[in-house]
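Top to bottom, those sequences are chains U and V.
Following the working numbering, the numbering of the first sequence begins with 1 at its first residue and continues without gaps.
Following the working numbering, the numbering of the second sequence begins with 1 at its first residue and continues without gaps.
Since the hints were made in silico from the structure, they are not lab data.
Virtual Cβ for every residue (Gly too), placed ideally from N, Cα, C.
Heads up, a few of these hints could be off.
Claimed, not checked - Which residues of chain V face chain U? A partial, calculated answer using Cβ under 10 Å:
{"hint": "1", "residue": "P8"}
{"hint": "2", "residue": "D38"}
{"hint": "3", "residue": "W40"}
{"hint": "4", "residue": "P42"}
{"hint": "5", "residue": "L49"}
{"hint": "6", "residue": "A50"}
{"hint": "7", "residue": "A53"}
Stated by the list, open to error - Pairwise CB distance ranges (calculated):
{"hint": "8", "chain 1": "U", "residue 1": "V850", "chain 2": "V", "residue 2": "V6", "range": "44 to 54 Å"}
{"hint": "9", "chain 1": "V", "residue 1": "L25", "chain 2": "U", "residue 2": "G430", "range": "49 to 59 Å"}
{"hint": "10", "chain 1": "V", "residue 1": "V6", "chain 2": "U", "residue 2": "E6", "range": "51 to 61 Å"}
{"hint": "11", "chain 1": "V", "residue 1": "G55", "chain 2": "U", "residue 2": "D783", "range": "31 to 41 Å"}
{"hint": "12", "chain 1": "U", "residue 1": "A400", "chain 2": "V", "residue 2": "L25", "range": "46 to 56 Å"}
{"hint": "13", "chain 1": "U", "residue 1": "P845", "chain 2": "V", "residue 2": "G55", "range": "43 to 53 Å"}
{"hint": "14", "chain 1": "U", "residue 1": "A932", "chain 2": "V", "residue 2": "G55", "range": "57 to 67 Å"}
{"hint": "15", "chain 1": "U", "residue 1": "A308", "chain 2": "V", "residue 2": "V6", "range": "28 to 38 Å"}
{"hint": "16", "chain 1": "V", "residue 1": "L25", "chain 2": "U", "residue 2": "E476", "range": "26 to 36 Å"}
{"hint": "17", "chain 1": "U", "residue 1": "R325", "chain 2": "V", "residue 2": "G55", "range": "41 to 51 Å"}
{"hint": "18", "chain 1": "V", "residue 1": "L25", "chain 2": "U", "residue 2": "E528", "range": "38 to 48 Å"}
Stated by the list, open to error - Far from chain U, some chain V residues (derived; all Cβ distances over 10 Å):
{"hint": "19", "residue": "D15"}
{"hint": "20", "residue": "H22"}
{"hint": "21", "residue": "M44"}
{"hint": "22", "residue": "H51"}
{"hint": "23", "residue": "A54"}
{"hint": "24", "residue": "G55"}
{"hint": "25", "residue": "V64"}
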Amino acid sequence: MTLLKEPDFGTPAREGAATVELTVDGVPVMVPPGTSVMRAAKHAGVDVPKLCATDSLEAFGSCRLCVVEIDGARGTPASCTTPVAPGMVVRTQTERLGKLRRGVMELYISDHPLDCLTCSANGDCELQDMAGVTGLREVRYGSGVEAGANHMDAPTDTSNPYFDFDASKCIACSRCVRACDEVQGTLALTIEGRGFDSKVAAGAGVSFMESDCVSCGACVQACPTATLQEKSVVQLGMPTRSVVTTCAYCGVGCSFKAELRGDELVRMVPYKDGGANEGHSCVKGRFAFGYASHPDRVLSPMLRESIADPWREVSWEEAIGFTARRLREIQAEHGPGSIGAITSSRTTNEEVYVVQKMVRAVFGNNNVDTCARVCHSPTGYGLKQTFGTSAGTQDFKSVAKADVIMVIGANPTDGHPVFASRMKRRLRQGAKLIVIDPRRIDLVRSPHIEATHHLQLAPGTNVAVVNAMAHVIVTEGLVDRAFVQERCEDVAAWEAFIAGPEHSPEAVEEITGVPAAEVRAAARLYAEAGNGAIYYGLGVTEHSQGSTMVMGMANLAMATGNIGRDGVGINPLRGQNNVQGACDMGSFPHELPGYRHVSDDGARDVYEQLWGTPLLDEPGLRIPNMFDSAIDGSFRALFVQGEDIAQSDPNTQHVHAALAALDLVVVQDLFENETAKFAHVLLPGTSFLEKDGTFTNAERRINRVRPVMAPKTGKQEWQIICEIAQAMGYPMHYDSSAQIMDEIALTTPTFAGVSFAHLDRVGSVQWPCNEASPGGTPIMHQDEFVRGKGRFVETVYVPTRERSTRKFPLILTTGRILSQYNVGAQTRRTANVAWHPEDILELHPHDGEVRGINDGDMVTLSSRVGRTTLRAVLAERMPVGVCYTTFHHPVTGANVITTDNSDWATNCPEYKVTAVQVALSPEQAAVREDLAQQPVATAGD
Amino acid sequence: MSTSTVPPHVRLANDVAVQFAHRPLEVAAAAVATHMRDFWEPRMTRALLAHVAAGGDALDPVAVRAAQLLGPAAS
Numbered sequence: 001m002t003l004l005k006e007p008d009f010g011t012p013a014r015e016g017a018a019t020v021e022l023t024v025d026g027v028p029v030m031v032p033p034g035t036s037v038m039r040a041a042k043h044a045g046v047d048v049p050k051l052c053a054t055d056s057l058e059a060f061g062s063c064r065l066c067v068v069e070i071d072g073a074r075g076t077p078a079s080c081t082t083p084v085a086p087g088m089v090v091r092t093q094t095e096r097l098g099k100l101r102r103g104v105m106e107l108y109i110s111d112h113p114l115d116c117l118t119c120s121a122n123g124d125c126e127l128q129d130m131a132g133v134t135g136l137r138e139v140r141y142g143s144g145v146e147a148g149a150n151h152m153d154a155p156t157d158t159s160n161p162y163f164d165f166d167a168s169k170c171i172a173c174s175r176c177v178r179a180c181d182e183v184q185g186t187l188a189l190t191i192e193g194r195g196f197d198s199k200v201a202a203g204a205g206v207s208f209m210e211s212d213c214v215s216c217g218a219c220v221q222a223c224p225t226a227t228l229q230e231k232s233v234v235q236l237g238m239p240t241r242s243v244v245t246t247c248a249y250c251g252v253g254c255s256f257k258a259e260l261r262g263d264e265l266v267r268m269v270p271y272k273d274g275g276a277n278e279g280h281s282c283v284k285g286r287f288a289f290g291y292a293s294h295p296d297r298v299l300s301p302m303l304r305e306s307i308a309d310p311w312r313e314v315s316w317e318e319a320i321g322f323t324a325r326r327l328r329e330i331q332a333e334h335g336p337g338s339i340g341a342i343t344s345s346r347t348t349n350e351e352v353y354v355v356q357k358m359v360r361a362v363f364g365n366n367n368v369d370t371c372a373r374v375c376h377s378p379t380g381y382g383l384k385q386t387f388g389t390s391a392g393t394q395d396f397k398s399v400a401k402a403d404v405i406m407v408i409g410a411n412p413t414d415g416h417p418v419f420a421s422r423m424k425r426r427l428r429q430g431a432k433l434i435v436i437d438p439r440r441i442d443l444v445r446s447p448h449i450e451a452t453h454h455l456q457l458a459p460g461t462n463v464a465v466v467n468a469m470a471h472v473i474v475t476e477g478l479v480d481r482a483f484v485q486e487r488c489e490d491v492a493a494w495e496a497f498i499a500g501p502e503h504s505p506e507a508v509e510e511i512t513g514v515p516a517a518e519v520r521a522a523a524r525l526y527a528e529a530g531n532g533a534i535y536y537g538l539g540v541t542e543h544s545q546g547s548t549m550v551m552g553m554a555n556l557a558m559a560t561g562n563i564g565r566d567g568v569g570i571n572p573l574r575g576q577n578n579v580q581g582a583c584d585m586g587s588f589p590h591e592l593p594g595y596r597h598v599s600d601d602g603a604r605d606v607y608e609q610l611w612g613t614p615l616l617d618e619p620g621l622r623i624p625n626m627f628d629s630a631i632d633g634s635f636r637a638l639f640v641q642g643e644d645i646a647q648s649d650p651n652t653q654h655v656h657a658a659l660a661a662l663d664l665v666v667v668q669d670l671f672e673n674e675t676a677k678f679a680h681v682l683l684p685g686t687s688f689l690e691k692d693g694t695f696t697n698a699e700r701r702i703n704r705v706r707p708v709m710a711p712k713t714g715k716q717e718w719q720i721i722c723e724i725a726q727a728m729g730y731p732m733h734y735d736s737s738a739q740i741m742d743e744i745a746l747t748t749p750t751f752a753g754v755s756f757a758h759l760d761r762v763g764s765v766q767w768p769c770n771e772a773s774p775g776g777t778p779i780m781h782q783d784e785f786v787r788g789k790g791r792f793v794e795t796v797y798v799p800t801r802e803r804s805t806r807k808f809p810l811i812l813t814t815g816r817i818l819s820q821y822n823v824g825a826q827t828r829r830t831a832n833v834a835w836h837p838e839d840i841l842e843l844h845p846h847d848g849e850v851r852g853i854n855d856g857d858m859v860t861l862s863s864r865v866g867r868t869t870l871r872a873v874l875a876e877r878m879p880v881g882v883c884y885t886t887f888h889h890p891v892t893g894a895n896v897i898t899t900d901n902s903d904w905a906t907n908c909p910e911y912k913v914t915a916v917q918v919a920l921s922p923e924q925a926a927v928r929e930d931l932a933q934q935p936v937a938t939a940g941d
Numbered sequence: 001m002s003t004s005t006v007p008p009h010v011r012l013a014n015d016v017a018v019q020f021a022h023r024p025l026e027v028a029a030a031a032v033a034t035h036m037r038d039f040w041e042p043r044m045t046r047a048l049l050a051h052v053a054a055g056g057d058a059l060d061p062v063a064v065r066a067a068q069l070l071g072p073a074a075s
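Turn these sequences into a full structure, and let the hints guide you.
Given below as structure tokens:
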């Protein structure tokens, strides 16, 4: 349920032209074939009473409130399950229908607590609404006990930290069960029992928290009563106002209605008109917003001369003046290239744009980089080389047209859950699935889904596998000749390269560990299935050959003609909410906004004219280069916007040494994070609820981030950047964030048609949005590639230098989990810790057994660069010889283990391959020893 | 600290060079030089040139040749 209601058409829309004409209560209406009578009625302006129907779910036909009369039809059919027909004449309001509906309502009410005045859903309850709509005036059977058998004493399940399940208020409409099935695709809920004993259950005899429920909240949203209700609504009451904005978690970029009472956020309700999510959400976006008002928030600027000193709370003037003075002093002493900045994918396009402007126009160098360096920088490189620009090719909806879906190095059900739900829906409809991943991720086998092929490759061998697939496609005559001849270049050289016997599945089987027959079958399936779509994540990019792998996937798509239409494409699943936008905005040290190289005289001239200052034409330092240069002494000051490099970047010791070597570290963040321990200035940041700007998601969709409340710090983050620039002697001023977007549009061809006013008008838009594509571009490269011809690149497989040895015989790979996000700064400050209170190490039971490790033991994880201690979980989904952990908790510090190996083209760290050893921790070993010394208890003792 | 005793610019130059090692030396070196020009900050290139001038210890021959191609522009 939701307070501020969007229209509910009762049943989902059907595709196609509106060719079927009918009349509803005398009103003519035309709808596509297959549309329900209920939906047609809504289009005609007629609301048919309903309880079990809602337009996010297929019709169910159980409540019988939506009955109608149809000329020529017998009885009173349910309008939700009855499809329209040409010339149909429908009546929704007759005396007979009214009597039937009141009879139905009497039955519902006779087994429902009549506590409306004190119920948490008062005013937001469809049962209450329908009692009014149907004109219910009496309940002949009485209510509750007086009506006989009832469910009034059914217990309330309060186990979930975010919502309650009050079974006494359940009307068994199955909307929650169907939402779990159809919208989320988890199938955790069911109707247990028969007849009067029917009740909603989360699994067999377990609570919601103990069940398979992933707390996406789809059931809460679907519930027409207070049965499934947010705890925040129970505690705070119904919201009174609503602001449409964009989620601050992953790269799906879901739209939400933030619903508030005054300035207090009560709940987040996914927005039906959100292009990315269309009314769905995950546990993070819907529920994990409490960090924004957490007492750990830093709300005042803080300063200290030395990182050994305690923090001193200061005024904005002092913090900004100190920052500007020190930056200029350091440049005067060590040169203009001695300072730089890192932008954040958690901040808005406008905030990122002003930081890179500060670096280029005020610092006078190109030493600006972004956290995408450590995640999707290889996507930027690989797709630019092959297609001409750094962006996913499709919109999310496109997956509904895919015939075969290839998921490579991604775990969408954990990392991008709302998109995963779309994907699972398509897979349940029959699309084939290929998973390429060392781990048996949940998608490989889940309810009603099973991968046709799981290529369980050895970590670090992606390129060998993708080359082997390409080899099969070329040598077995599966190339789309017409496509490559018309649309691509360097085809013959690439085909000659890839057809070499060294690339055959049989030749690389020993390296990859994937049976050649499986590779051949997967390649044939992808090439021949019709629409082949590739979705990938950091399991592709965070390798020493991340960029090569991106180009290898692009080769596959071009060779099979799987580019430029619905249902196909190459789609990076971006980790953070604004990775795409941060990259678009010129955060890379070699590129101006819009991915134009700094050596491009024409592009540079645009900014030099507007900004009134010459710009450097050579690339700046990347993040790893900044660290190396800090240690060698040529780089002395760093501004870090909303990023926790001390926890998230690899080889923690190296990062800490670099940060400690700097003369000045300025951190702009919500919290005093790990990086702030090395900072001299801490500038408080704003949460997404306070920001005014835009985020760009993984499908290039630019969404508005609207201020739900005033900044708790008193300033927008872009204002602080402008004030630093001004204090450094450069006149940078904007009246609003809308004005910053206007400058972005003025200077960036792909954003030329974007403005806040346009976004407010159309909701969202996918770039390029300009004179050539005023409505945006859901699917790229349709007639030609951005670079003209798609370019095939010869992708040589080069093994990583990271090898398992006798001392470090296992390979560690890292990633994230559904309930936590990145370094955990946000989610660790919410009730999400209930699911993942600590980082754990997953390893195969065999690897545990040979080391004497039991499930739940504390273990020491060590690599060539460091060691940490964490809890082990034995998991069959891990292959023998490979272990896995997350990096959400600073106490574990998983990046103490990871090395400074990186992608050859972009320096993206190789998080996914680290040779390690695992052993019982000394403390655990001591406990084990103590237990062994104790006498064995017997029954007689 | 760093997991390698090889200087970062040498290590990275070798990583780039090996990607093009299947091509003829001059073609590979030109590709590596273009890559460095497009993505490397000048102080990294200068450090590489200095390393080559000092004998180019542990440096891939393709990277050595690429450095020579970069030499005049980068110095």
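Hint by hint, which ones does this structure get wrong, listed from lowest number up? Structure breaks hints 5, 6, 7, 8, 11, 19, 20, 21.
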